[in-house]
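Student: So the chains spell out like this:
There are 2 protein chains.
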Amino acid sequence: MNSTSQIPYKIYLSESEMPTKWHNVRAAMKNKPAPLLNPATHEPMSFDDLRPVFCDELIKQELDNDNEYYDIPDEIREFYKMYRPSPLVRAYCLEKALDTPAKIYYKFEGNNTSGSHKLNSAIAQAYYAKKQGLKGITTETGAGQWGTALSMASAYLGLDLKVYMVKVSYEQKPFRREVMRTYGASVTPSPSMDTEIGRKINAAHPGTTGSLGCAISEAVEVATTTEGYRYVLGSVLNQVVLHQSIIGLETKAALDKYNITPDIIIGCAGGGSNLGGLISPFMAEKIRGEKNYRIIAVEPASCPSLTRGKFAYDFCDTGMVCPLAKMYTLGSDFIPSANHAGGLRYHGMSPIVSQLYDDGYMEAVSVEQTSVFEAATKFARTEGILPAPESSHAIRVAIDEALKCKETGEEKTIVFGLTGTGYFDLFAYQKFNDNEMSDYIPTDEELARSIANLPKV
Amino acid sequence: MNSTSQIPYKIYLSESEMPTKWHNVRAAMKNKPAPLLNPATHEPMSFDDLRPVFCDELIKQELDNDNEYYDIPDEIREFYKMYRPSPLVRAYCLEKALDTPAKIYYKFEGNNTSGSHKLNSAIAQAYYAKKQGLKGITTETGAGQWGTALSMASAYLGLDLKVYMVKVSYEQKPFRREVMRTYGASVTPSPSMDTEIGRKINAAHPGTTGSLGCAISEAVEVATTTEGYRYVLGSVLNQVVLHQSIIGLETKAALDKYNITPDIIIGCAGGGSNLGGLISPFMAEKIRGEKNYRIIAVEPASCPSLTRGKFAYDFCDTGMVCPLAKMYTLGSDFIPSANHAGGLRYHGMSPIVSQLYDDGYMEAVSVEQTSVFEAATKFARTEGILPAPESSHAIRVAIDEALKCKETGEEKTIVFGLTGTGYFDLFAYQKFNDNEMSDYIPTDEELARSIANLPKV
Chain A
1 MNSTSQIPYK IYLSESEMPT KWHNVRAAMK NKPAPLLNPA THEPMSFDDL RPVFCDELIK
61 QELDNDNEYY DIPDEIREFY KMYRPSPLVR AYCLEKALDT PAKIYYKFEG NNTSGSHKLN
121 SAIAQAYYAK KQGLKGITTE TGAGQWGTAL SMASAYLGLD LKVYMVKVSY EQKPFRREVM
181 RTYGASVTPS PSMDTEIGRK INAAHPGTTG SLGCAISEAV EVATTTEGYR YVLGSVLNQV
241 VLHQSIIGLE TKAALDKYNI TPDIIIGCAG GGSNLGGLIS PFMAEKIRGE KNYRIIAVEP
301 ASCPSLTRGK FAYDFCDTGM VCPLAKMYTL GSDFIPSANH AGGLRYHGMS PIVSQLYDDG
361 YMEAVSVEQT SVFEAATKFA RTEGILPAPE SSHAIRVAID EALKCKETGE EKTIVFGLTG
421 TGYFDLFAYQ KFNDNEMSDY IPTDEELARS IANLPKV
Chain B
458 MNSTSQIPYK IYLSESEMPT KWHNVRAAMK NKPAPLLNPA THEPMSFDDL RPVFCDELIK
518 QELDNDNEYY DIPDEIREFY KMYRPSPLVR AYCLEKALDT PAKIYYKFEG NNTSGSHKLN
578 SAIAQAYYAK KQGLKGITTE TGAGQWGTAL SMASAYLGLD LKVYMVKVSY EQKPFRREVM
638 RTYGASVTPS PSMDTEIGRK INAAHPGTTG SLGCAISEAV EVATTTEGYR YVLGSVLNQV
698 VLHQSIIGLE TKAALDKYNI TPDIIIGCAG GGSNLGGLIS PFMAEKIRGE KNYRIIAVEP
758 ASCPSLTRGK FAYDFCDTGM VCPLAKMYTL GSDFIPSANH AGGLRYHGMS PIVSQLYDDG
818 YMEAVSVEQT SVFEAATKFA RTEGILPAPE SSHAIRVAID EALKCKETGE EKTIVFGLTG
878 TGYFDLFAYQ KFNDNEMSDY IPTDEELARS IANLPKV
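Top line first, the protein sequences correspond to chains A and B. The first sequence begins at 1 in the numbering used here and counts up by one. The second sequence begins at 458 in the numbering used here and counts up by one.
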C-alpha cells in the first residue's frame, strides 16, 4: 500500500467531467473495417438492407467510418449517471502482493446489477429503439449478462423486451434469468415453439438444449415478423464499440487528470466490445503517431480467434442468418470447449479490433483457464473484488507484465479493463477450488477443419 | 430526473474527506445500554470474563460507554479505501417514478464482493485479531453475508478463518460458500463432527440441517479450545455498531457537503448493526437536542422484535452459550417463518438500538414480505440496483413516506440505508416473480409462548 501517494485508490470523475460524446475509432483508422456483406448476394449491406433488423439510428452509426465523435443524447447521459463514472482503481494492494515496481490501474465496470460493461451499449440501443417509436426489442443471451443489461435498460425506458435464452443456461443458470424477469423482460428458453426456426430445430433435434446461434435466429425472426420490434446485439458490431468507447474516454480523462501515461493497455477479448471501447481513444493517438502505447488483447487458449484464427469474411452466427463480417475467425461452426468464460466463447472478433490487429497496432496473447483462475483468486484476495472469468484473462496478463517489471526493475504503468464481477460464475470458481478445472487447447487439425468451412467470398 | 440540480446523482467523498474516527453513540446516550451478563451467574461480564472468547481490543470497545470517538487504525483505513467511500445516491429516477416532491437519498453499501455493509466490521475485527498476534478466528454464518465479508478481510490480512455454516445453507446456497472458499476460508457445514457440541447435536438429531444457534456454539467452542484463535460476531454487539458508524459518518459528511438536512432517516433492522451505524452521528445530535430527525427502524412482520417483542435480558443465541443481553426480543427459541430476508431473521436486537427505541428516540414499523418485494422491484427498475431483501425493507418505508409527501405536497428529505445487493437472493425473487411468495405474521399466542421462556434475571 502506498498511503502517501498523490494518486487515490479510486479515481472518480465528477459528473461534469464525464464524457459527453462517444468516440468512433474508425475515423482514425487508415484501413477501415470491411463492410458487412449480404449473406446471399455478398454485396455490402446498405442502410435499407439493414432496416428490417436494426433501428435506423443504430444502422447509421454502424455504417459511419468518418465522424470521430457522436454526441451522447441527454437521456443516455442521465442513465449513465446512475452507475457511471466507473472508478479507475489503483491496484496498490495487488502491487504490494506482487512486490512489483509496476503501477497497475484497472477500470472497473462491474458496479451495476448487470455486473459488466454491457449496460453501456444496452441503454444506447434501447434508447434509439424507443426514440424510433418502437414497442419493443428482441435479443438472445447465453449466460445472461447481455440479457440482464438490456432488461435493465428496457425497464428504465418502458420498452418491451423479449429475450431468447439458450435452453441449457435457462435451466442450469436460473439466477440471471430471474434478474431479467425482475426487470420485466420475457425470457424464453431457446429453441422455443414460438418461432418457425425454433419449431424446425425442435423437430429436427428433439430434446436439444439449444445454442447461441439458434437463439439469435429466433430473436431475429421475432423482430422481423413482429410489428414495432427490432433486434439488438451486445457485441461484435461497430455501433457497440462506439458505445463502449465511454470506458476508454473515462479511463483517459481519469489518467489525464493525474498526468499518468500508460505504457501498456490490456483488455480481454471475446466479441471485442469491451476491448474496442477501452482502447478507442488511445488507439486513435497511436494511429496518429502521437503516443506509442503497447496494447494487448487477451483471449482464452480454448477459443483463440486472434492468435490462431484467419482474417476473412465469415458468418456472425452459427445459424447463418446474419450478415457476413470480415474478422479474425475460427469458423462459425467452431464449438469452443467448456471454458467457463462464457463471454469469450465466440468464434469471431469485432471487425474493428480485427482490422487494428491485422494492421499491427496491437498484440494478442492467449491464456489457459487454470492460470486465469489463479490470477482471479490472487486478485480477489488482494483487491477485494471477485472478478468475472472473462475479466480475469486481462488480470492474468496484467500480473504477468507486472512480474516482468519486477525482474527488470522497470516502473511501467499498466492499465487493464476489469469488465465485470464473478458473482454468477461460482460454479466455475467451485471447480477451481476443488481442483477439478482443466485446460483445453484445440489442435491445429481441429482449427483447420472449422476454418476450412468459411464462406467463399 | 433533475439534470439541472446542483446535487449530483452520486455524492462521493474524496479520500481526504473520509472519516478518520468511528463514532460511539453510547457516549451520547443518557441511558446506557445494559451490560452483558454472565449466563450462569447473571453478573455483568468483565473484561477478563470475555477474554477467552473475544480479542482484547474488541472487548475494550464493547465495554466502553464513554469515549465518543475511536481513531480508525491506518491499516483499516487503507482497506476501507479499496471499497469506500460508498456513494450517497440521490434517487432522482425513483422520485420521478413516484412523482413525489420528496427528495430521496440512499447510502449504498453493496459495492463490494461481500455485497453488504458487513465488511466494515469484518475488517476491524480481523485487524484486531491479527494485531493481538492471533493465528485465526472463527465465526458462524447463515446465508453467508457475514462469512463472506470476514473471509475477504482475513484473506487480506493473512489470517486463518474457520466458518461454521448452517448445513441447510451450505448445501442449498453453494454460491456464497464458494466465495468464502475462494478467499481461502475453511467452511464447515454445521452441525459438524469436529466439535463436542456438533457431535452431541448430530447424535441427538440425526440428519439435522442445523441452525444459527448451533453454528455459533461450534464456532465458540473451536475458538475457546484452539490455541491462538478467538471468536467474532457480525451484528448485535456494541463494537459492531461502533465500526458500522462509518456508514452514518460518511452519510453525514456527504449531506453536510451539500447543506442537506434530512427530515427522515430509515434503516432495516435485524440485529441492528446497519441501522445503529447509519443513525449513530444523527442520533447523538438528536439526543443532545441539536436536531430533530425522525428515525425509523424497519423490521419484517414475520420477526417483529422491536414492534412486538419485550425489552428484557435474553440469550443472544439459541444454544444459550453466549452472554445475556438486554434487548428487544421475541425469545431465543422463537423460530421466524421462512422470510427470505435471512439477515433480519434474528429474535433479538442490538442493545444500543433497543435502548434508544425504548427511550423514545426512534420509531419502528414492521412490513410484510410481498410488499417489500414490490418495493424492491420498483426500485430495481428505476434505480438500476437489484436490492437485497433486507435492504428492501427500508426501501418499502422510504417509498411509503415519499408517497405521503406526494399527498401533502411536502418536500421532505428522506435518507435510507441500502445495505446490500440481492445477487445471491434470486430464489426469493423467483418466488416473487412466480407469485408464489406469501406473508406470515406470528400470532399473539405464538409470541407470548416464546417470550414466556425468557431467562429470569
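Among the hints, a few may not be true.
[As the list claims (entries may be wrong)] In silico lysine-lysine, PhoX-like type, Cα no more than 20 Å apart, as pairs:
no.	chain 1	residue 1	chain 2	residue 2
1	B	K869	A	K10
2	B	K538	B	K478
3	A	K81	B	K835
4	B	K587	A	K96
5	A	K173	B	K630
6	B	K888	B	K630
7	B	K553	B	K913
[Unchecked claim] Restraint-style ranges between C-beta atoms, simulated for each label pair:
no.	chain 1	residue 1	chain 2	residue 2	range
8	A	T208	B	G664	52 to 62 Å
9	B	V625	A	N435	51 to 61 Å
10	B	V914	A	T370	29 to 39 Å
11	A	T208	B	V625	32 to 42 Å
[Claimed, not checked] Computed footprint of chain A on chain B, listed as stretches where at least three residues anywhere in the stretch have a Cβ under 8 Å from a Cβ of chain A:
no.	segment
12	559-573
13	606-619
14	634-640
15	840-852
FYI, nobody ran anything at the bench for these hints, they're computed from the structure. The beta carbon of each residue, even a glycine, is placed where N, CA and C say it ideally should be.
Student: Is the straight-line distance between the alpha-carbon of K81/A and that of K835/B 20 Å or less?
Tutor: holds, 19 Å
Student: Starting from the range 29 to 39 Å, see whether the pair V914/B and T370/A falls in it by beta-carbon distance.
Tutor: violated, 57 Å
Student: Regarding T208/A and V625/B, is the given constraint of 32 to 42 Å on their beta-carbon distance met?
Tutor: Given a distance of about 35 Å, which is inside 32 to 42 Å, the answer is holds.
Student: Regarding the pair K869/B and K10/A, is the alpha-carbon distance no greater than 20 Å?
Tutor: violated, 33 Å
Student: According to a criterion of three or more residues whose C-beta lies within less than 8 Å of a C-beta of chain A, is the segment 559-573 of chain B covered?
Tutor: holds (count 4)
Student: For K587/B and K96/A, compute the direct alpha-carbon distance and say whether it is at most 20 Å.
Tutor: With Cα atoms ~19 Å apart, K587/B and K96/A stay inside 20 Å; holds.
Student: Between the alpha carbons of K888/B and K630/B, is the straight-line distance 20 Å or under?
Tutor: Roughly 16 Å between the alpha carbons, so the hint for K888/B and K630/B holds.
Student: Are 3 or more residues of the segment 606-619 of chain B near chain A, judged by a Cβ distance of less than 8 Å?
Tutor: holds (count 3)
Student: Starting from the range 52 to 62 Å, see whether the pair T208/A and G664/B falls in it by beta-carbon distance.
Tutor: 39 Å Cβ-Cβ, so the 52 to 62 Å window is violated.
Student: Given the hinted pair K173/A and K630/B, is their alpha-carbon gap at most 20 Å?
Tutor: holds, 14 Å
Student: In terms of beta carbon proximity below 8 Å, does the segment 634-640 of chain B have 3 or more residues touching chain A?
Tutor: holds (count 5)
Student: Could you check the hint for me, namely that V625/B and N435/A are 51 to 61 Å apart, CB to CB?
Tutor: Check failed, 26 Å falls outside 51 to 61 Å.
Going through the hint list in order, the structure does not satisfy hints 1, 7, 8, 9 and 10.
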